[in-house]
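A.B. asks: Sequence:
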Amino acid sequence: MSEDYPFDILHPHLRRITTSDPSCQEWFGRGLTWIYGFNHGEAMRCFSKALEHDPHCAMAYWGMAYSIGPNFNKPWRLFDAEDMQVALASARRNIEQGLRYVEAASIPEQALVRALALRFAGHERSIDPTTSDKCYVQAMREAAIQHPTDLDIIALYGESILTMIPKTVWSEKSSNGEALSLAHELDVNFEQAFSVEGAMTHAGLNHMYIHLLERSPHPEKAEPAADRLRDGIRDAGHLQHMPAHIDILLGNYGLAITANANAVRADEKFSETGLNGGPMFPFYRAHNCHSLIYAAMLAGQYAVALAATEKLECALPETTLRIESPPMADWLEAFHGVRVHVLIRFGKWSEILRLAMPKDPTLYSVTTATLWYGRGIAHAALGNIDQASEARDRFLEACARVPVSRMDYPNKSRDVFKVAEAMLDGELQYRCQSYESAFASLEKAIALDDALVYSEPWAWMLPSRHPYAALNLEQGHTEEALVAYRMDLGLDDPAKTNGVHHRRHPKNIWALTGYVDCLKRLERWEEAGLAETWLEKAALGSDIDIRSSCYCKRGLISSIG
Numbered sequence: 260m261s262e263d264y265p266f267d268i269l270h271p272h273l274r275r276i277t278t279s280d281p282s283c284q285e286w287f288g289r290g291l292t293w294i295y296g297f298n299h300g301e302a303m304r305c306f307s308k309a310l311e312h313d314p315h316c317a318m319a320y321w322g323m324a325y326s327i328g329p330n331f332n333k334p335w336r337l338f339d340a341e342d343m344q345v346a347l348a349s350a351r352r353n354i355e356q357g358l359r360y361v362e363a364a365s366i367p368e369q370a371l372v373r374a375l376a377l378r379f380a381g382h383e384r385s386i387d388p389t390t391s392d393k394c395y396v397q398a399m400r401e402a403a404i405q406h407p408t409d410l411d412i413i414a415l416y417g418e419s420i421l422t423m424i425p426k427t428v429w430s431e432k433s434s435n436g437e438a439l440s441l442a443h444e445l446d447v448n449f450e451q452a453f454s455v456e457g458a459m460t461h462a463g464l465n466h467m468y469i470h471l472l473e474r475s476p477h478p479e480k481a482e483p484a485a486d487r488l489r490d491g492i493r494d495a496g497h498l499q500h501m502p503a504h505i506d507i508l509l510g511n512y513g514l515a516i517t518a519n520a521n522a523v524r525a526d527e528k529f530s531e532t533g534l535n536g537g538p539m540f541p542f543y544r545a546h547n548c549h550s551l552i553y554a555a556m557l558a559g560q561y562a563v564a565l566a567a568t569e570k571l572e573c574a575l576p577e578t579t580l581r582i583e584s585p586p587m588a589d590w591l592e593a594f595h596g597v598r599v600h601v602l603i604r605f606g607k608w609s610e611i612l613r614l615a616m617p618k619d620p621t622l623y624s625v626t627t628a629t630l631w632y633g634r635g636i637a638h639a640a641l642g643n644i645d646q647a648s649e650a651r652d653r654f655l656e657a658c659a660r661v662p663v664s665r666m667d668y669p670n671k672s673r674d675v676f677k678v679a680e681a682m683l684d685g686e687l688q689y690r691c692q693s694y695e696s697a698f699a700s701l702e703k704a705i706a707l708d709d710a711l712v713y714s715e716p717w718a719w720m721l722p723s724r725h726p727y728a729a730l731n732l733e734q735g736h737t738e739e740a741l742v743a744y745r746m747d748l749g750l751d752d753p754a755k756t757n758g759v760h761h762r763r764h765p766k767n768i769w770a771l772t773g774y775v776d777c778l779k780r781l782e783r784w785e786e787a788g789l790a791e792t793w794l795e796k797a798a799l800g801s802d803i804d805i806r807s808s809c810y811c812k813r814g815l816i817s818s819i820g
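Heads up, the sequence shown is in our numbering, so the first residue is 260 and it goes up one at a time.
Think of the hints as simulated: they come from the structure by calculation, not from any bench.
Take every hint as true, because none was put in to throw you off.
Here are the simulated DMTMM-like pairs of lysine to aspartate or glutamate, each with C-alpha atoms no more than 25 Å apart in a straight line:
#	residue 1	residue 2
1	Lys677	Glu649
2	Lys766	Glu702
3	Lys671	Glu572
4	Lys618	Glu656
5	Lys796	Glu785
6	Lys528	Glu285
7	Lys812	Asp802
8	Lys796	Asp751
9	Lys671	Asp619
10	Lys308	Asp280
11	Lys570	Asp802
12	Lys766	Asp751
13	Lys426	Glu444
14	Lys766	Glu739
15	Lys308	Glu355
16	Lys393	Asp339
17	Lys528	Asp267
18	Lys766	Glu473
19	Lys766	Glu738
20	Lys677	Glu739
21	Lys766	Glu786
22	Lys570	Glu527
23	Lys703	Asp652
24	Lys812	Asp684
25	Lys796	Glu482
26	Lys796	Glu479
27	Lys812	Glu733
28	Lys618	Glu577
The following label-pair restraints were derived from C-beta to C-beta distances:
#	residue 1	residue 2	range
29	Lys426	Thr532	25 to 35 Å
30	Leu622	Glu791	46 to 56 Å
31	Ala706	Asp652	20 to 30 Å
32	Lys618	Ser307	33 to 43 Å
33	Lys796	Thr532	39 to 49 Å
34	Thr532	Ala699	47 to 57 Å
35	Asp490	Leu614	35 to 45 Å
36	Thr532	Arg275	21 to 31 Å
Computed from a prediction, not measured in an experiment: that's the story for all the values here.
Using N, Cα and C, we set each Cβ at its ideal position, and we do this for glycine too.
Please put together the full structure from these sequences, using the hints given.
C.D. replies: Shown next, in the form of structure tokens:
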């Protein structure tokens, strides 16, 4: 690591490019590593530095164009008109320069530059995203076939497919046969690539392999890739975070907390330098905090969740939310409502009722609606029926004012609020002793929760089966509660759940607490004994005394200050 560069991002697989200037090579290597770490703003700066040392370097121009174009988390459809025009102008200018010098480059480099040129072909101010994506994928496929041991080409080919196919590709409801075929093709290509020397430590391959398999029926196949990223490039926050995607799916919440804490520290280090990570850096920084909070919630670690919430809110100042292109409020404002979900998870009813409403409910539309939802849940839990009913009405009014464009990425905030509405209805009906209606509403919440588009962390942060099962158990419906807990823990035969992992929360302390209670009530002592050993392990890191899967159960008051 050079003395003049503040980040430890030395990649064990350093791509040698066509240049006679060592500094150009060094800056290119940094830029490529940041591409794999999804810090495209810093990647562009590094490629620009490379060009200062060698203005004839085709691959440095390639890097400039690649960094401003679409990627896994920001496909073409998420560019607004102004953003699209800026990206196209910059990308085309750089790729044209790359093509100007491409004949002097190596054969693999020529393939990369010419493939990327297809991504930006089209009308002066716009492109056809579908055509663009397909042409680029086909060119990268051909490059991968011609260069099967070129790990960068394989990794970039992987991202080209993952950027194009829908995030529901592995869903049991998916009818997109072409996309599923591409996913299987990529799985095979990655498996073959991992046999190539150096592949095991390649950040891009391991990163993309996790994204490919995290929503598949077998995310555990990506666990070795997650482990390989843990002690890798320490100052690349997103790469430090990536193992958590698999950790959470497999119920390894302690590992997820560690991975995300490392990511948050790396992001803070980058932010403190004053460098510009690009418009998406605040999203990735918030995402890492969000994932840390979610893992801590599932692990029953209130202090960790609350501290990460403070960091999340500090990372998203109002000045950032007011940026109009790209529309940062649409991407980021929903994160300001996370505190409410943390407080609900840990039964902090008084704290919820003390939270102030935003001064600008238009800018903070999702936060405002979430606060009214939280007040409704808190008042219902405290038995304040009139106040809960009023909060519900205000919640629905606030939901109607949330722009359709507002996201809890990749879900629309309005879709997430459908879960909240059903949940609040169920809690309120339960307190009014309308039990049949209450459980019908909670079952609706479960169905809506399950139907959300895959994201990690999940868009609805408190699993809907937790309150449903807790209240069933309170009413003596032990068998119904047991079924819900088994589903939440992923203990059922995978064939019964279509192999879906991302709607389950293995080994979480909340469901295990209720599950053990059910088994004891049913006098299934052998199963209860085994489940108690699981619960003891899950409770090791918890900082609270959990007695139910939800603090909504009557008579439960949070014991934490």
